[in-house]
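S.K.: Residue-level listing of the chains:
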Amino acid sequence: QQQVKQSPQSLIVQKGGISIINCAYENTAFDYFPWYQQFPGKGPALLIAIRPDVSEKKEGRFTISFNKSAKQFSLHIMDSQPGDSATYFCAADSWGKLQFGAGTQVVVTP
Amino acid sequence: NAGVTQTPKFQVLKTGQSMTLQCAQDMNHNSMYWYRQDPGMGLRLIYYSASEGTTDKGEVPNGYNVSRLNKREFSLRLESAAPSQTSVYFCASSEARPGEQYFGPGTRLTVT
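Read top to bottom, the protein sequences are chains L and Y.
Under our numbering, the very last position in the first sequence is 110; numbers go up by exactly one each time.
Under our numbering, the very last position in the second sequence is 1112; numbers go up by exactly one each time.
None of these hints come from the bench; they were simulated from the model.
As the structure is a prediction and not an experimental result, all values here were calculated from the model.
Heads up, a few of these hints could be off.
In silico BS3-like cross-links for lysine-lysine, where the CA-CA straight-line distance does not exceed 25 Å [said to hold, decoys possible]:
(1) L:K97 <-> Y:K1071
(2) L:K5 <-> L:K71
(3) L:K42 <-> Y:K1009
(4) L:K57 <-> L:K15
(5) L:K5 <-> L:K58
(6) L:K42 <-> Y:K1071
(7) L:K58 <-> L:K68
(8) Y:K1057 <-> L:K5
(9) Y:K1057 <-> L:K97
So that you can see chain Y by itself, here it is in the shape it has in the complex (with noise of 0.2 Å):
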């Protein structure tokens, strides 16, 4: 099983460009996570997905975009990038609880 798996690892963009990083999980779980990390400021949410169809915002969603494809599949787009943006992106999911996540292995993404 390759548990939670994201694309691309790394990704730069300058502003104004638009992206989508992907995420998958082979774990059959039904909560999926999207979120950023900063230095310093811990991991803050971005958007949520308790069961597919169903997607809510987080902590800091604004200049982000979700679709829960399916119950495999979240993915998170960024419309027109800004340097504020530059972060590095976790997907995770869980199945029993939030506190319980199993977290992919992230994308750098930098925006110029």
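Chain L extracted, bound-state conformation (with noise of 0.2 Å):
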């Protein structure tokens, strides 16, 4: 079973907009939650994480927002452009196996 659970499945954002993914999971022995981007034909790359002792974090036009007591997580990609479109992974680890939601495919229109 899947021990991270990520929605939406797709979402199509204009230029300029807000682009938004969620992710929860059960296991409250995670204590590490990074996101992997994924351009198509390449391998994931790592974009941005959080430790759950903060409930956000912020690198250029990433934002990760982190709720404990919801044992949710969330991306968001402010400012979207056409070079955003990719696939985007949450992920939980707990110095263990890394466990990897299902994914997100944005698509920017320009």
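Since each chain sits alone in its own frame, please combine them into the complex, following the hints.
M.R.: Below is the structure:
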């Protein structure tokens, strides 16, 4: 069973808009939550990550929001650009195996 | 630095054939991983190696074997390929923790 549930499966956003991807987990042993970005034909690449002792982390146009009590976290892509079109995976780590969500395909239209 | 390299990039096999996917990393990482990626299922861990000389099963190990040849190289072997093994295979490595993995470019495998 998938230990990290990710939604939506896909989303289309206009250039300049905000893309929001949500993830939820059950295992409270997870203590590191990375997001990976994957372009077609390439391997995933680490984009941004957060630890559960902070509620928000921002790097450029990418922000992770983390709600420990709800066991949910989300990725916000501000001012979305066509170059952001990719598949995004959330993940969770407990110094064991990394558990991935199913992925969200983001398409940014010009 | 090349990072994580994988060979081959593409492969077509007939059912029952065998093959080995090669992976090498030049970042001196201790841990290495093999994943398969299928549409709508994310990345599923096949096998991993936390350090040279050790290997462990992941979520979907059936039909696969691995060898951690040395610190740099981690190979994945399909002994008798099946159509259900048609997938894109990724190798990855990490140093500090599993959450910070570096992925190779992938091998697209088709089994007919």
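S.K.: For each hint given before, does the structure comply? Return the numbers of the non-compliant ones in rising order.
M.R.: none
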